[in-house]
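Hey, can you piece these two chains together into the complex? The hints should help.
Same order as they appear, the protein sequences are chains A and B. Numbering of the first sequence is given in this note's numbering, commencing with residue 1 and proceeding in unit increments. Numbering of the second sequence is given in this note's numbering, commencing with residue 1001 and proceeding in unit increments.
Derived by calculation from the structure, the hints in this document are not laboratory data. Keep in mind that the hints are not guaranteed to be accurate.
Claimed, not checked - Derived DEER-like restraints, expressed as beta-carbon distance ranges:
1. B/G1422 x A/N178: 27 to 35 Å
2. A/V50 x B/V1421: 40 to 48 Å
3. B/G1419 x A/R229: 32 to 40 Å
4. B/D1089 x A/G62: 44 to 52 Å
5. A/W331 x B/H1025: 46 to 54 Å
6. B/D1281 x A/R9: 50 to 58 Å
Here the structure is a predicted model, which is why all the values come from computation and not from measurement. The beta-carbon is built from N, C-alpha and C at its ideal position, and this holds for glycine as well.
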Amino acid sequence: MAPAGATWRGGDLMAQMSIIQAVNSALHNMFERDETVVSFGEDAGFYGGVFRCTAGLQEKFGKHRAFDTPLAEGGIMGIAIGMGMNGLRPVAEIQFADYIFPGFDQITNELAKLRYRSGGEYSAPVTIRTPCGGGIKGGHYHSQSPEAYFTHTPGLKVVICSNPYDAKGLLISSIECNDPVIFFEPKRLYNGPFDGDHTAAMVKWDSHPKGEVPEEYYNIPLGKAETIREGKDVTILCYGTMVHVVSAAVKNNGIDAEIIDLRTLVPLDIDAIEDSVKKTGRCVIVHEAPRTSGFGAELMSLVQERCFWHLEGPIQRVTGWDTPYPHSLEWDYFPSQARITEAIKATMEE
Amino acid sequence: MNQRNAMSEYEVVRIMGQEEDTQMHVPVPPHREGGTSFPSPHETPAGHHAKPPIDCGGAETREIAYGLLRVLNDDDEAVGEWDPGLDADTLRNALKHMVRIRAYDDRMMKMQRQGRLSFYMKCLGEEAVSVGAAMAMENRDIVIPSYRQQGLLFVRGRNLVDMISHCITNSNDNVKGRQMPVHYSWKEGNFVSISSPVGTQFPQAVGAAMAFAYRGEDSIACSWLGEGTSAQGDFHYGLNFASVYQAPCVLVVVNNQWAISTHRNLAHGGPSFAARGIPYDVASMRVDGQDFLAVYAAHKWATERARAGHGPTLLEMYTYRGDSHSSSDDPSIYRPGNEYDSWPLGDPVDRLKAHLVKLGEWDDERHTALEADCAKEITAAYKEAEKHGTLKDGPFPSVSTLFEDVYEKEPWHLLEQRGEVGI
Chain A
1 MAPAGATWRG
11 GDLMAQMSII
21 QAVNSALHNM
31 FERDETVVSF
41 GEDAGFYGGV
51 FRCTAGLQEK
61 FGKHRAFDTP
71 LAEGGIMGIA
81 IGMGMNGLRP
91 VAEIQFADYI
101 FPGFDQITNE
111 LAKLRYRSGG
121 EYSAPVTIRT
131 PCGGGIKGGH
141 YHSQSPEAYF
151 THTPGLKVVI
161 CSNPYDAKGL
171 LISSIECNDP
181 VIFFEPKRLY
191 NGPFDGDHTA
201 AMVKWDSHPK
211 GEVPEEYYNI
221 PLGKAETIRE
231 GKDVTILCYG
241 TMVHVVSAAV
251 KNNGIDAEII
261 DLRTLVPLDI
271 DAIEDSVKKT
281 GRCVIVHEAP
291 RTSGFGAELM
301 SLVQERCFWH
311 LEGPIQRVTG
321 WDTPYPHSLE
331 WDYFPSQARI
341 TEAIKATMEE
Chain B
1001 MNQRNAMSEY
1011 EVVRIMGQEE
1021 DTQMHVPVPP
1031 HREGGTSFPS
1041 PHETPAGHHA
1051 KPPIDCGGAE
1061 TREIAYGLLR
1071 VLNDDDEAVG
1081 EWDPGLDADT
1091 LRNALKHMVR
1101 IRAYDDRMMK
1111 MQRQGRLSFY
1121 MKCLGEEAVS
1131 VGAAMAMENR
1141 DIVIPSYRQQ
1151 GLLFVRGRNL
1161 VDMISHCITN
1171 SNDNVKGRQM
1181 PVHYSWKEGN
1191 FVSISSPVGT
1201 QFPQAVGAAM
1211 AFAYRGEDSI
1221 ACSWLGEGTS
1231 AQGDFHYGLN
1241 FASVYQAPCV
1251 LVVVNNQWAI
1261 STHRNLAHGG
1271 PSFAARGIPY
1281 DVASMRVDGQ
1291 DFLAVYAAHK
1301 WATERARAGH
1311 GPTLLEMYTY
1321 RGDSHSSSDD
1331 PSIYRPGNEY
1341 DSWPLGDPVD
1351 RLKAHLVKLG
1361 EWDDERHTAL
1371 EADCAKEITA
1381 AYKEAEKHGT
1391 LKDGPFPSVS
1401 TLFEDVYEKE
1411 PWHLLEQRGE
1421 VGI
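Chain B with its partners taken away, still in its complex shape (with noise of 0.2 Å):
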């Protein structure tokens, strides 16, 4: 008798021994050893569904939720009911921010790297879905979003050098260090602070909208969380509470195939994630995630919808993870490292380029010399912002703001304990 059943109080009973005996299905990821055999959604192809009115129900929304929105067909070009119609402009300005993102994001990973941010995350792959809401937006419209939406921060403007501030936690990080990096608020640009607890801002994105439709106002509220948060009862507290009270939101699924090295198919047992929603009577639809054409059309439905008082709508965006979860995360041990690329939908900064260069309206160096630039500004903010401290070596916000912010005011209790490191 080993130690560990002499000390129990149980007898202990064998069960079936190897995997191949037992009846119990566990999914696996289908291509964990590599290979390019993906789920087929992207054989629908763009231009295909047709466009609902905005007042529509959520069930005539169902073929969507099963297939998938494309605008940018395979020769670059937008097609059918869903192009957006934007004109080159606007088309070169979310390039332009998307080019942006990148360039942010390789330079904090690499900052992280020299150990000069604590964390990181960034978001390949997935920069069309954050910037495509945002531009099809308002920026009075409340977003609560989850990790790997900082393009809505770039889209709204928000100061470069205050966001590497937050990140590196210095003297000018307006969360005042109390949080890992990534985790923005930004009350200016109605962007709320970010949490790490997964899905809990789906509800809330709820009872935020439920507050303009309150005042009667046509603002919105827009929350994004993952595939793998979608297993959570907020997932599902939302799209119910959205639904029974009709709310002005807009309520995102980021699948991104991979939640840390969650595959997909372990976080629902469907074929989609969008479909989750017509139960619930909302209006639901899978998107291409790397189109940014679809994303916009797809926001600016749903905005619009919402706007009028037609009531929520729950998006998937099917889009890829083309990194690591975060710096502490190596994808190496349990996906295939050329997984991106084999990616059949493709990488969204690639796809607008060749859509505007189709157009006429870029090229290869105007493309090239963008990505300069951004690069520049990066490294420009960067040092910028370790004029108000690094993280090696600070300033820091002050020792006294760890008491400050967990009532409006301190109580006594508080005020001693401040009293008892001295300050």
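Excised from the complex, chain A in its bound form (with noise of 0.2 Å):
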């Protein structure tokens, strides 16, 4: 009997979800398959997170399973190690990726370095899940995106989403992963996609392809870009919110754009850039963190050191500006639509 609004596709049992229900069902299939998986986290434990993405965990597997912790991200991350070195396999959700510094000596010197320290001796497959990004008006404590900081921490793999589907397969992906991952799971997206106007009604998942979910286990492999949008002209490297945002600013400028969703900065689908890029000779990468040695500085490296010679302009980034994330200009910040365009034109032009 499927559940109400669920509905049969191919042998699966599918559901309308948002990125919080997604979330949520990977992490119940989870916790069903694999004893060894927990989950803990500010106010993630009864309350089931301020997302609400661990609710319903406490509930049906108890709460040695899914636990409140005291205030302390590096007291979360340390425990997540030590669980992790010793069997289990922890998810830790920081409550927004903003908080996550506390936690950052246990994430960059000990999680990420603990196979490489010990000759491989030890490990922790602890996954973090942390909401991140803006276009929520929380100011610069509610909105960073710090993916940088660990794309440049060897031993850590770094996961963003952009939708329900992809959400579910991903985490479920990085909590099998043996290797330390950071999920981001975009905040902006949580409900619905969001194409960067934000005088527009809010949009819900119902109506998007990717907000139809199986109910089942399912998994999507690290490391593997999507391509959402074939095209002639230019290939637009993008992930999070920004692939909605990219995504309606091809459209409403008929643009022959490639658009490219990483999906994975670490370790990054090489294969899916240099093809696109060698195909379409133009590269534009966006994405909402500041500029200054932001990801968007290593995917230029590797565009102009793999694909030089199939350049006809040069490379295009659009990126959050190198000022804290303000709140009442948020929209001056936020990659823009507008913005976006200018960016694909001036890459033409050349």
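Right, here's the structure in full:
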């Protein structure tokens, strides 16, 4: 019997889910499959998380598997490592990516290096889930995109989802991964796709094809990008919320762009990038995080190194500014469709 | 106007220039210039403290947290409720471990001075801290140590050649030359890879303990950090998480008085590190770290308490760092050279030896023979280790190992980078 709102498709029971529900569904599936999977964080136990991503876990599986923690990210990361090195598969929630920094030493010096420093004797298969990014009027402590700190740390895998279907499949792969994974959930996308137009009515995931998610277990391999639109004129590399802003910009401007949702930043799907840029000869990179030393700088370098002789115009970047994330001026900071369109034109004009 | 001022957008504000003019308090070591006026927890007599039941509340240990748990008295006798009642063979075994560690440390530091190790750290004066702990636990208990706990490896029976191979980073180093010497890892012995960042291991030990509890196993986790490190947030995270989840763990602050040149009175403003556990409702005790019997008894109590599900314990091992912080440190710059000789609680090897002599179970002749045997054994192991390579000439772990163990499987970018160096 299908739950309300769910339908059978190709043998799979499908439901319309938001990213929150998809993350929650992934956790439920993994809790059922593997008793070593535990989940914890601030407000993540009884209450089910401030965004409700861990809702129902404690009720169904017990408070030894889904529990609340003291408000101390360094402690959360520390116990995650200890549990991970001693046979469990912890999924730790950091309530906002902006609050990951008190745990930074444990993540970058401890979690990331444990396998290496012990000569392969010890490792901790920890997944860190954390909502990132802006677009919710969160100001500078509820809007940051800190992915580049972690892509710069060998030993960590870095994943960022852009829709419910991917969120579930990628989170399951992250939990199953024996290496530590930081799994970013763009919070502006939690309840619906966002094309960057904050004046438009809120759109929900129901009407989006990627809002249809199997109830059952499935996974999407890490390290695989998805080409969400094929095109011949320009390659646009993006991830997270920007996938939707880019898609809208391309749609509204009639450009034949190829849009790649990177999905995993480390390890990166370099083949997808190379094949596409060699085909189109042009490349625009879009991310929300500040520009200087952002992940876009790495993408630019790779494209330059690998596709230089195929390039027909300079690579362009559209990013957040090198400022703290603003509150009242959020929409002047947030990379807009207009700025993306401008960058595409700039690379096309050359 | 000087150049710096000219470049600055700020007005340079003159403040009180002389130390005596200011109200700001900065503690200094009590006896940097020499002298023997040590703080006085040692004035607590041996046998003074009662032994609470293992299921007691944290607050019931308050007196010991502010006092000092001692078993061996000034006449080298074991006295009071905390006397663990060990037989002579066990005591001799403990003494042997400590003498062996000392011989190992001496040899390795000598080799470091000859340029055959890049770095070394001795645990002179702190041998009972690790030996007492390890003998009170089972090998299945996971240990997440800091520096100077090499005694854990000795008691758990790690092969000396493997230990030395790590310290000279040769081809037999199980951590593949990735860490500085003394950063041992030994999974077979449940000894977790040592990390240089200070204090990170405390909450990790709590997590490891929670994993045992999760599976319903009665193994425990034990972790050590220095009193200087107790100023880090991780120390408090560890205590708080341990208390909240009643994790089966033993958390140890090794108060050896010095964190490189930083005296313990810069690490906290109170009288006792153990006392910090009491507000967390964690059973907490300050223990004479030079007294093997006290160390053993405290760990035995804490280990049984954790195993039986009565929660965590914080132990402060009141001891003294008898030598330099490391081979890169010269303590004569910041503390009197004779300070260890004046340490009122003495030396752990001397004290256990004197106790055994008092019992009629040991004598100087046997002790000298033991020292000679240990030195010989270490020298032989060193030579054997050098067959796997030396720091000077190798062979070292192969260059391909540089790219291994970053991830379980090497991603494309590491494979490419490996290709760039031609392997």
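Per the hint of 44 to 52 Å, is the separation of the Cβ atoms of B/D1089 and A/G62 within bounds? holds (46 Å)
Kindly confirm whether 32 to 40 Å is satisfied by the beta carbon distance between B/G1419 and A/R229. This hint holds: roughly 33 Å between Cβ atoms.
May I ask you to test the hint 27 to 35 Å on the CB atoms belonging to B/G1422 and A/N178? Because 29 Å falls inside the window, the suggested range holds.
Satisfaction of the hinted span 40 to 48 Å by the C-beta atoms belonging to A/V50 and B/V1421: holds (46 Å)
Do the Cβ positions of A/W331 and B/H1025 conform to the proposed distance bound of 46 to 54 Å? Between A/W331 and B/H1025, where Cβ atoms are some 50 Å apart, the hint holds.
Status of the given 50 to 58 Å range, CB of A/R9 versus CB of B/D1281: Once the Cβ atoms are compared, 54 Å apart, the range 50 to 58 Å for A/R9 and B/D1281 holds.
In terms of the numbered hints stated before, the structure departs from none.
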